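Given the sequences, and given the hints that come with them, work out the whole structure.
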Amino acid sequence: MSSTTESAATFKVGGDIEVNRLGYGGMQLTGKGVWGDAPDREIAKKVLQAAVESGVNFIDTADSYGPHTNEVLIADALHPYPKNLLIATKGGFERTGPNKWVVNGAPKHIKEAIEGSLKRLKVDVIDLWQLHRFDSKFPIAETLGPVVDAVKAGKIRYVGLSEVDVSQIESAEKVTPIVSVQNLYNLGSRQWESVLDYTIQRGMAFIPWYPLASGPDKLKSKITSIAEKHQATTAQIALAWLAKRASNILLIPGTSSLEHLNENLGAASIELSDEDFASLSE
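Its first residue numbered 321, the sequence shown is counted upward by one per residue in my numbering.
It cannot be assumed that every hint is accurate.
With a straight-line cut-off of 16 Å between C-alpha atoms, the simulated EDC-like cross-links for lysine to aspartate or glutamate are [unchecked claim]:
| no. | residue 1 | residue 2 |
| --- | --- | --- |
| 1 | Lys-365 | Glu-595 |
| 2 | Lys-472 | Glu-435 |
| 3 | Lys-431 | Glu-462 |
| 4 | Lys-428 | Glu-462 |
| 5 | Lys-549 | Glu-579 |
| 6 | Lys-428 | Asp-455 |
| 7 | Lys-457 | Glu-414 |
| 8 | Lys-403 | Glu-338 |
| 9 | Lys-365 | Asp-396 |
| 10 | Lys-542 | Glu-595 |
| 11 | Lys-428 | Glu-414 |
| 12 | Lys-403 | Asp-447 |
| 13 | Lys-549 | Asp-594 |
| 14 | Lys-428 | Asp-469 |
| 15 | Lys-542 | Asp-594 |
| 16 | Lys-472 | Asp-444 |
| 17 | Lys-472 | Asp-447 |
| 18 | Lys-366 | Glu-579 |
| 19 | Lys-403 | Asp-444 |
DEER-style ranges, computed between Cβ atoms [what the hints assert, rightly or not]:
| no. | residue 1 | residue 2 | range |
| --- | --- | --- | --- |
| 20 | Ala-461 | Thr-544 | 46 to 54 Å |
| 21 | Pro-427 | Ser-601 | 37 to 45 Å |
| 22 | Asp-357 | Ala-598 | 38 to 46 Å |
| 23 | Glu-362 | Ala-598 | 38 to 46 Å |
| 24 | Thr-544 | Glu-490 | 38 to 46 Å |
| 25 | Gln-511 | Gly-356 | 25 to 33 Å |
Keep in mind the hints are simulated off the structure, nothing from the lab.
Just so you know, these numbers come straight off a predicted model, no measurement behind them.
C-beta: ideal position from N, C-alpha, C; glycine also.
Right under this line is the structure:
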């Protein structure tokens, strides 16, 4: 595997909203099992504020984180928002308890999710709204119906998808333009290579969730030695590998700690050599 392009610091979502590729994922600012509010709201707000002060201008959240508490927290910490901040949110899951996620692609639920996110985030328009999952009980055109309506009404600017294969992206593209895909992808979990390659061809953002995983044990010694060479942590090398893999990858490492936030942001200054990249990619 080779890296597709030279690493760039920014990417234009939808071809026109320029964001720094190292962003922030809000999911960890919730209770155990992504249920309930952040255990310490004041620290959580400080983490969000510090991220933005450090140059992060892409934040990923969802109505299901909490549920609802994460979007409210982001608004409490950051509203009124800086002009260049893109907050992406998602809809399409119902929460019945800690670590419980129920797919719901019913048009009524999707419409309510969009309206709820607009209110909680205190915005008139959601710059990037992403569908959490396809629901086998509903044709995708039905599920995305309220999303298309919201785009027409100026309530959603761009639409993305999460945990999809190429054929699902193509189905959704027949209904509305798709600008981003958020799939599980990291150094040790690469089953979505074909989807990443498709997003590269189509100029879409690819947002890997769980980006800090550094892979199976056989990778550990390799990543450790490369980390030592760069005077970096293994988490920073995992992020640097993703950044070099493709210039459309937006990184959203999450943390509830200011110390870990600074560590994650430090990955932006690590430039892996082609040899390092190839060694980790084997």
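Hint check results:
1. Lys-365 to Glu-595: It is violated: about 40 Å lies between the C-alpha atoms, which goes past 16 Å.
2. Lys-472 to Glu-435: Distance ~14 Å between Lys-472 and Glu-435 Cα, so the pair holds.
3. Lys-431 to Glu-462: Cα-Cα ~11 Å, so holds.
4. Lys-428 to Glu-462: Satisfied, since the Cα-Cα distance of roughly 10 Å is no more than 16 Å.
5. Lys-549 to Glu-579: At roughly 22 Å apart (the allowed maximum being 16 Å), Glu-579 and Lys-549 break the hint.
6. Lys-428 to Asp-455: Holds: Lys-428 and Asp-455 sit about 13 Å apart, inside 16 Å.
7. Lys-457 to Glu-414: Holds. Lys-457 to Glu-414 sits at ~15 Å (cutoff 16 Å).
8. Lys-403 to Glu-338: holds, 12 Å
9. Lys-365 to Asp-396: holds, 8 Å
10. Lys-542 to Glu-595: Given pair Lys-542, Glu-595 holds - Cα atoms ~12 Å apart, limit 16 Å.
11. Lys-428 to Glu-414: holds, 12 Å
12. Lys-403 to Asp-447: Cα-Cα ~12 Å, so holds.
13. Lys-549 to Asp-594: Satisfied, since the Cα-Cα distance of roughly 14 Å is no more than 16 Å.
14. Lys-428 to Asp-469: holds, 12 Å
15. Lys-542 to Asp-594: holds, 15 Å
16. Lys-472 to Asp-444: holds, 13 Å
17. Lys-472 to Asp-447: Since the Cα atoms of Lys-472 and Asp-447 sit roughly 13 Å apart, the hinted pair holds (cutoff 16 Å).
18. Lys-366 to Glu-579: Holds, at about 12 Å.
19. Lys-403 to Asp-444: At roughly 14 Å apart (the allowed maximum being 16 Å), Asp-444 and Lys-403 satisfy the hint.
20. Ala-461 to Thr-544: 46 to 54 Å: Given a distance of about 48 Å, which is inside 46 to 54 Å, the answer is holds.
21. Pro-427 to Ser-601: 37 to 45 Å: Roughly 42 Å apart at Cβ, these two residues keep to the hinted range, so it holds.
22. Asp-357 to Ala-598: 38 to 46 Å: At roughly 44 Å between Cβ atoms, Ala-598 and Asp-357 fall inside 38 to 46 Å, so the hint holds.
23. Glu-362 to Ala-598: 38 to 46 Å: holds, 45 Å
24. Thr-544 to Glu-490: 38 to 46 Å: holds, 40 Å
25. Gln-511 to Gly-356: 25 to 33 Å: holds, 31 Å
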